[in-house]
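Quick mapping for you: the protein sequence lines, in order, are chains D and E. Numbering-wise (our numbering), the first sequence opens with residue 30 and increments by one. Numbering-wise (our numbering), the second sequence opens with residue 30 and increments by one.
No lab work stands behind these hints, which were simulated from the structure alone. The reader is advised that the hints may include incorrect statements.
To be verified - Below, a list of computed lysine-lysine pairs in the DSS-like style, where the Cα atoms sit at most 25 Å apart: (1) E:Lys46 to E:Lys70; (2) D:Lys254 to E:Lys135; (3) D:Lys254 to E:Lys60; (4) D:Lys216 to D:Lys135; (5) E:Lys133 to D:Lys254; (6) E:Lys254 to D:Lys133; (7) D:Lys135 to E:Lys254; (8) E:Lys70 to E:Lys92; (9) E:Lys70 to D:Lys254; (10) E:Lys177 to D:Lys177; (11) E:Lys126 to E:Lys92; (12) E:Lys216 to E:Lys133; (13) E:Lys124 to E:Lys91; (14) E:Lys135 to E:Lys70; (15) E:Lys135 to E:Lys201; (16) D:Lys108 to E:Lys108; (17) D:Lys247 to D:Lys133; (18) E:Lys79 to E:Lys92; (19) E:Lys254 to D:Lys60; (20) E:Lys254 to D:Lys70.
Said to hold, decoys possible - Now the stretches of chain D that chain E is said to cover, found in silico as 3 or more residues with beta-carbon under 8 Å: (21) 153-161; (22) 184-198; (23) 256-268.
From the three backbone atoms N, C-alpha and C, an ideal C-beta is built for every residue, glycine too.
There are 2 protein chains.
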Amino acid sequence: MLSKTYTKYIQSLHHKKFRDIENVFIAEGSKVVMELLNSTKIECVHILAKEPWLRENEPEIKKYFNGPLEPVEDYELEKISALSTPSQVVAVFMKLKQGAPDVKGKITLALDDIRDPGNLGTIIRIADWFGVSSIICSDSCADRYNPKVVQSTMGSIARVDMLYTNLVEWLKKNSSLPIYAAALTGKNIASLKGLQEGIILIGNEARGISPEIMQLAKESITIPKFGHAESLNAAVATGIILSHVIASTSPPALSEGEGA
Amino acid sequence: MLSKTYTKYIQSLHHKKFRDIENVFIAEGSKVVMELLNSTKIECVHILAKEPWLRENEPEIKKYFNGPLEPVEDYELEKISALSTPSQVVAVFMKLKQGAPDVKGKITLALDDIRDPGNLGTIIRIADWFGVSSIICSDSCADRYNPKVVQSTMGSIARVDMLYTNLVEWLKKNSSLPIYAAALTGKNIASLKGLQEGIILIGNEARGISPEIMQLAKESITIPKFGHAESLNAAVATGIILSHVIASTSPPALSEGEGA
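Could you build the full structure based on these sequences and the hints that come with them?
Quick look at the structure:
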């Protein structure tokens, strides 16, 4: 049974302030926890899970984690979970070191004030899909260790370097790289096909990129609109842009019977 | 002040069963409510909002709505809201008629068991952005009138025809059209560039497309992976695919100074 003190400790990790003090974060759900255990970059501190889950996964867990496995009851998981539907496992991990991203010869994402944890997590997952190794976040972005961010990354959190910083200063320091700002007007994203090096700027969900940051961009780029929606979700826009910059580098030939 | 009976009535509309019986749904938030009011396809029944919001928006509202404007208090909005952070306005609208989508000569989305309301709403918004006029949903998909779906569409709900049906039967009836199944392996989505007519199949968030439906597809298509994430979010994948099928129809020429 979980002690009151330990329950309160885990609950405190729902909040950035205490994650920062303790230098740990929590991850929930079988898939995310197993992916993080499997990562060589992240150290696990504690695993709290339902007994059947522990039994089923013990052989796999033991490959990566030597600490005690703590069986907990449903009502205890509910108390410590930060998600609306608690899963079978909550684990505590050490935070990663803040990276010093290498941006030379690479495509790098820069996020200006992405506030929604689900969006940030989804963007990290997208970066991991497209092999983007670094994300630069303005200090006002959602915390990467927010439980909802961790959940939305689906395990990608350990594979993408992230730097939280004063984005204006950082962009000025890296002004030798071309900076492309995702916006509602600008050049068609298709024009970035095959780009090898540069920074893709994504702005806040409601307000877009702030004027101060916008003026540091070389150029605005946009996803052509064929219908009437006013905008696209920030994570969706990020996925579309990266797919055109990166995935279009080697399009296969049309095959027989394909429309044109 | 809201009566207990009316408060309970609005709360009942958080559930599909009662939305079906009453043939209405609720929308929340200034942006979504104003977009729906502005739509010629959707009829508004009732508007409940904080007094300052009503005062500010009354001239605009009056263009589209003749009914009474009911000022409510914060605590009342909290009671009737279906969202975790209640906004300034909740409105009741008549449901749209279920469409009989016209798929000839068009790109149509078919969703197999998309369960997450946020994903469904985001997919509707994406369809609206790319001018996809119809979405066919398996009966097991989230309800389009779920308050979280309505919220995530950001007003696009009135602009996209949706049909909930037995997807297997519907696909069989429309087998004259090419059906492309989004999957983790298959042909590069870039090969669909310029496709004029066809059905793009998107599967469940965890399990993908069901085997029964998969065998009705002409071909599997995939978003090339350059990194390590196991998959992409269903809505993100939908956006990326549509951007390659539709937005790539007229890519502009590279301009001076653009990479590679």
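> Taking only the CA atoms, is the gap from Lys133 (chain E) to Lys254 (chain D) under or equal to 25 Å?
Replying inline: Distance of about 21 Å is within 25 Å: holds.
> Can the region 153-161 of chain D be counted as covered by chain E under the rule of three residues or more with Cβ-Cβ separation shorter than 8 Å?
Replying inline: holds (count 8)
>> Check whether the Cα positions of Lys254 (chain E) and Lys60 (chain D) lie no farther apart than 25 Å.
In response: holds (20 Å)
> Taken at face value, is the distance from the CA of Lys177 (chain D) to the CA of Lys177 (chain E) at most 25 Å?
Replying inline: Given pair Lys177 (chain E), Lys177 (chain D) holds - Cα atoms ~17 Å apart, limit 25 Å.
> Do the alpha carbons of Lys70 (chain E) and Lys254 (chain D) lie within 25 Å of each other, as the hint requires?
Replying inline: Holds - the C-alpha atoms of Lys254 (chain D) and Lys70 (chain E) are around 22 Å apart, at most 25 Å.
>> Hint check: Lys79 (chain E) vs Lys92 (chain E), CA-CA at most 25 Å. Holds or violated?
In response: holds (19 Å)
>> Holds or violated: Lys254 (chain D) and Lys60 (chain E), Cα atoms, limit 25 Å.
In response: holds (20 Å)
> In terms of beta carbon proximity below 8 Å, does the region 256-268 of chain D have 3 or more residues touching chain E?
Replying inline: holds (count 11)
>> Tell me if the straight-line CA distance from Lys254 (chain E) to Lys133 (chain D) falls inside 25 Å.
In response: holds (21 Å)
>> Holds or violated: Lys216 (chain E) and Lys133 (chain E), Cα atoms, limit 25 Å.
In response: holds (24 Å)
>> Checking one constraint from the list: CA of Lys70 (chain E) to CA of Lys92 (chain E), max 25 Å. Satisfied?
In response: holds (15 Å)
> For the region 184-198 of chain D, do at least 3 residues have a Cβ located nearer than 8 Å to some Cβ of chain E?
Replying inline: holds (count 3)
In summary, this structure violates none of the numbered hints.
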